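Chains as they are written, first to last, in this note's numbering: chain A, 5 to 373; chain B, 307 to 750.
Hints are computed from structural coordinates only; laboratory data are not their basis. Nothing here was measured: the structure is a model prediction, and the numbers come from that model. Beta carbons: idealized from backbone N, C-alpha and C, even for Gly. Worth double-checking, as some hints may not be accurate.
Here are the computed distance ranges between Cβ atoms for each label pair [said to hold, decoys possible]:
1. B:S344 / A:L105: 19 to 29 Å
2. A:D328 / B:K655: 47 to 57 Å
3. B:E465 / A:S264: 42 to 52 Å
4. A:K249 / B:R566: 51 to 61 Å
5. A:L105 / B:E594: 32 to 42 Å
6. B:K622 / A:L121: 37 to 47 Å
7. B:D323 / A:K290: 29 to 39 Å
8. A:D328 / B:D323: 34 to 44 Å
Some chain A residues judged to face chain B by a derived CB distance under 7 Å, without partners named [said to hold, decoys possible]:
9. S13
10. A17
11. S25
12. I69
13. Y71
14. L87
15. A100
16. Q125
17. W127
Chain B side only, calculated, beta carbon under 10 Å to chain A, not exhaustive [what the hints assert, rightly or not]:
18. I342
19. L523
20. T627
21. N657
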Amino acid sequence: MFWVIEMFSKELASLLSKCISCGACNDSCPLVRFIDGNETLGPRARISVFRAIDMGIMRISVDAIEYLYECGLCSLCDRSCPLDIEVSKLMLGIRAELIKLGYVPPYEIAKMRNSLLDIMQPWSREHRKGKWLPPNYSPDKEANILFFSGCWANRAPEMASSAFFIAETILGEKVYSLGENEPCCGQFLRIAGYEETYKDYLVKLREHIRDREIARVLVICELCKATMRDLGLEVSTLLEELCEKKLIKRLRKRRHKHKSRKVAFLPTCSLKREHASLLEEFMKEKFAEMPSWFCMSCGFSLSEISSLKTLERMVDGIFTALKDEKVDLLVVADPFSYWLLSESRKRNKRKVKTEIVDLYSFLVERIKA
Amino acid sequence: MSKESFLSSLEKIVGKDNILSAEIDRVAYSFSAYNIWSKPDFVIRPAYPEEVADILVECSKNGIPIVPRGNGTSLVGGPISSSGAIMSMRRMNSVLEVNPDDMTATVEAGVCLRELLKELPEDLFFPVDPDGLCLSTFGGMVAENSASPLSLFYGTVGESIMGLEVVTADGSIWELGATIPCEGKMEKLFIGTEGTLGVITKVKVRLRRRPLRLFGLTVDFSHVGDALDLYSRLSYRGELMLGYTIYYRDIFEVHLPDERLGARAYTIIPHEPHSLVEFIKELSEELEILQVDVLELDPRILPYWKGNTYLMENLKTTGKTVNFVSFTTNSDLLHEAVSRIDHVGARMKLNTVTIINPGLNWILTGFSYDSLDNKSRERAHKAVEMLAQSLEELGASFGYGTGVGFNMAGLKFKELDNEALYKKIKKVLDPSGIMNPGKVVLGD
Ligand SMILES: Cc1cc2nc3c(=O)[nH]c(=O)nc-3n(C[C@H](O)[C@H](O)[C@H](O)COP(=O)(O)OP(=O)(O)OC[C@H]3O[C@@H](n4cnc5c(N)ncnc54)[C@H](O)[C@@H]3O)c2cc1C
Ligand code: SF4
Ligand code: SF4
């Protein structure tokens with residue numbers, strides 16, 4: 005018999021206890037899939053561990069907190085639970101409750117919070133923003149569509165500049181960027197579980213970006229999209245805009261010599277299947293079906309920030325999958341995923357034959373304005 | 307030998323990354339389905355039968371208990387251990403061969419049903435899916451000799467086994483089944499013995515041809531006795547049924563709150579249902595039938611287990627979990643067994659979920675409880691004990707399909723000859739008693 009010590013709120017505890025440990029969710033978790041089928045990495049075990057903590061079977065520890073932040077909140081597992089348990093929301097709820105109880109997230113995440121509060125950027129000032137803009141760029145005073153590039157795209161400047169180029173070229177409306185004054189969207193705070201800090205941050209952010217009336221916001225990152233929504237702004241990703249408004253057809257294709265090659269596409273979570281089909285149609289490329297594909301956007305970026313080893317192992321697994329599927333080119337729609345995969349490829353000089361390109365540079369390469 | 311040097315000898319076999327002894331790993335591998343819990347000392351993850359053999363030799367030498375774990379879906383706490391090691395079989399997850407002409411497939415023991423189904427041509431399938439979600443591994447299914455509703459026609463898992471590779475505690479690797487030209491096939495020893503005699507590493511199974519048409523008939527009754535009666539009448543009539551399952555009362559507790567509904571029978575037939583429906587309707591004068599529904603099913607989507615939907619709906623709405631008992635008894639005692647379940651449930655103030663397969667004489671029942679409430683948890687445990695004792699008087703045999711697991715360990719029953727002989731065999735194959743201790747024989 006064990007003691008229920010009720011560490012978490014009734015609501016969380018009852019969600020944890022609702023799980024029957026059937027394991028239907030494990031199959032879809034990218035950590036389990038791309039690493040090696042180890043139960044510990046999957047959602048079922050995550051629930052078991054935090055239930056054990058709630059029951060007093062296990063003590064909360066630095067390792068357990070790190071373990072909590074390993075989950076990418078990608079919500080792939082949520083879709084396969086027969087009891088409709090949303091593991092990603094549960095993990096997020098636990099983060100928030102632990103913070104309220106006074107526990108501190110992994111060091112680098114806590115440091116990032118301080119940096120956000122201090123300079124509205126997750127990293128030090130050295131990571132200057134807007135380097136991808138033309139020299140002497142100054143925003144058009146008339147423009148009222150904000151192109152919000154996001155922190156990750158600023159670390160992958162080729163992606164930001166290609167996306168901005170496409171936005172300026174095809175919308176037929178004036179688009180502007182905040183350049184080096186662009187703050188972080190602050191979504192990291194929410195997914196790290198800093199609920200209250202995030203709310204305060206939103207107030208600050210609203211002040212910071214409202215130097216003019218914003219009609220709409222264009223983003224390329226799902227994290228930024230979530231924040232803009234929370235600010236009550238009309239927002240879409242550039243890719244959604246291209247596909248939903250069929251703007252993609254306005255892009256005139258440069259004559260392109262097609263090599264025969266296998267191309268895979270890594271979408272973001274809000275991208276619909278029709279969007280991928282539209283892209284395929286436009287590019288005259290058929291994207292290879294990949295097993296268990298997913299967007300690494302949200303939570304996994306926190307794993308990167310806190311240098312969690314599991315993420316490295318998952319990236320290794322992804323490269324192995326690309327190799328097994330004989331993929332020549334991987335087109336990535338999410339800035340963090342693009343940055344992570346291309347950096348890991350460069351850093352380790354892996355013998356990965358697959359080329360990696362961000363979606364917008366891939367499009368720019370083939371269009372003429 | 308100290309714990310450290312023992313673990314380092316295991317590291318030499320499977321590599322450091324495949325021995326997990328951190329607190330988080332031990333907790334991660336401590337739960338099986340329905341939250342039955344017990345924490346092992348460490349977890350080991352072999353990838354080859356030779357590694358399994360070396361591990362068993364080391365564990366035997368050092369008297370370390372070892373419990374194989376498939377996908378942890380056991381309803382009765384099969385793959386958990388309070389001391390020693392959990393041996394996770396999930397790295398042995400290759401489908402080795404699918405032979406459509408021969409209608410067989412050979413898989414490593416850690417392959418789960420979902421993984422095999424993906425590799426099969428459209429017209430073939432494997433007929434037993436115990437958990438209803440295709441998650442059980444072949445090692446687990448063989449060890450439990452799992453059953454599911456279609457077992458009425460296709461038999462339990464054991465009846466689809468063509469051969470096994472098993473490793474015994476002395477490190478011997480045995481290829482069983484394929485070559486012995488006599489009736490007494492030795493692989494049978496390892497079917498349904500809950501991994502207590504050896505570790506299953508490879509399984510050769512017989513596949514079945516997918517039926518071309520399928521119909522599901524739902525018949526609602528006021529009384530469970532009538533649902534049992536209908537089964538007898540249909541089988542007497544020679545009706546070809548792939549499955550006939552009765553879902554009893556409380557399973558519909560919240561999501562189908564029809565006061566009159568006492569039991570629902572669900573049968574699957576592979577032919578036009580017209581004459582059968584007429585026959586059932588004619589019986590309405592004798593049996594209290596509330597409603598009959600027919601649905602043509604898509605044969606590509608296997609109607610393995612309708613009950614899973616009911617059970618999941620129940621759990622979703624009540625937020626409760628269940629403590630299960632699985633047993634068989636004589637067909638004429640099934641009704642009495644159901645009354646006893648009701649009696650215990652009422653006494654312990656617990657709802658029950660009960661699934662009856664009259665053709666297999668099999669009842670899977672469970673007491674649902676609130677896992678956040680220690681008192682209700684204790685009552686559910688007590689209810690299992692009371693029910694087991696009451697059913698023993700009826701000559702029930704426990705663990706059909708699911709094994710007896712950790713959940714019923716410690717309950718004392720009269721020893722029968724079967725158990726006595728099993729113990730002798732166990733002594734020979736596993737003299738140090740390290741293989742899955744405490745399972746199979748109640749009161750052992
Ligand atoms: C919702 C739900 C409903 C279910 N309904 C049914 C049902 O109707 N009928 C039924 O029969 N079962 C049912 N089950 C139970 C379960 O699916 C089966 O018992 C299944 O066979 C277990 O497979 P597993 O791979 O998960 O094994 P585990 O649960 O991991 O292990 C089960 C047992 O097998 C042993 N074992 C596992 N692998 C090996 C191996 N390679 N060698 C030797 N021993 C091994 C373990 O030590 C343990 O004792 C249900 C489960 C769920 C979650
Ligand atoms: S949210 Fe994603 S990473 Fe987290 S457990 Fe579920 S599938 Fe795995
Ligand atoms: S699928 Fe749902 S009930 Fe099953 S283990 Fe995962 S979270 Fe728990």
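Here is what the structure says about each hint:
1. B:S344 / A:L105: 19 to 29 Å: 28 Å, holds
2. A:D328 / B:K655: 47 to 57 Å: The hint (47 to 57 Å, Cβ to Cβ) holds, given that A:D328 and B:K655 are roughly 55 Å apart.
3. B:E465 / A:S264: 42 to 52 Å: Cβ of B:E465 to Cβ of A:S264: about 50 Å, so the range 42 to 52 Å holds.
4. A:K249 / B:R566: 51 to 61 Å: 55 Å Cβ-Cβ, so the 51 to 61 Å window holds.
5. A:L105 / B:E594: 32 to 42 Å: 56 Å, violated
6. B:K622 / A:L121: 37 to 47 Å: Given range 37 to 47 Å: holds, Cβ gap about 41 Å.
7. B:D323 / A:K290: 29 to 39 Å: Taking Cβ atoms as reference, B:D323 and A:K290 lie about 38 Å apart, which means the hint holds.
8. A:D328 / B:D323: 34 to 44 Å: 20 Å, violated
9. S13: 12 Å, violated
10. A17: 6 Å, holds
11. S25: Since chain B brings a Cβ to about 5 Å from A:S25, closer than 7 Å, the hint holds.
12. I69: Result: violated, 11 Å to nearest chain B Cβ.
13. Y71: This hint holds: A:Y71 lies near chain B, its Cβ roughly 6 Å from the closest one there, short of 7 Å.
14. L87: Holds, because the Cβ-Cβ distance from A:L87 to chain B comes to roughly 5 Å (cut-off 7 Å).
15. A100: This hint is violated: A:A100 lies away from chain B, its Cβ roughly 20 Å from the closest one there, beyond 7 Å.
16. Q125: At 33 Å from the nearest chain B Cβ, A:Q125 fails the 7 Å test, so the hint is violated.
17. W127: 29 Å, violated
18. I342: 9 Å, holds
19. L523: 24 Å, violated
20. T627: 6 Å, holds
21. N657: 16 Å, violated
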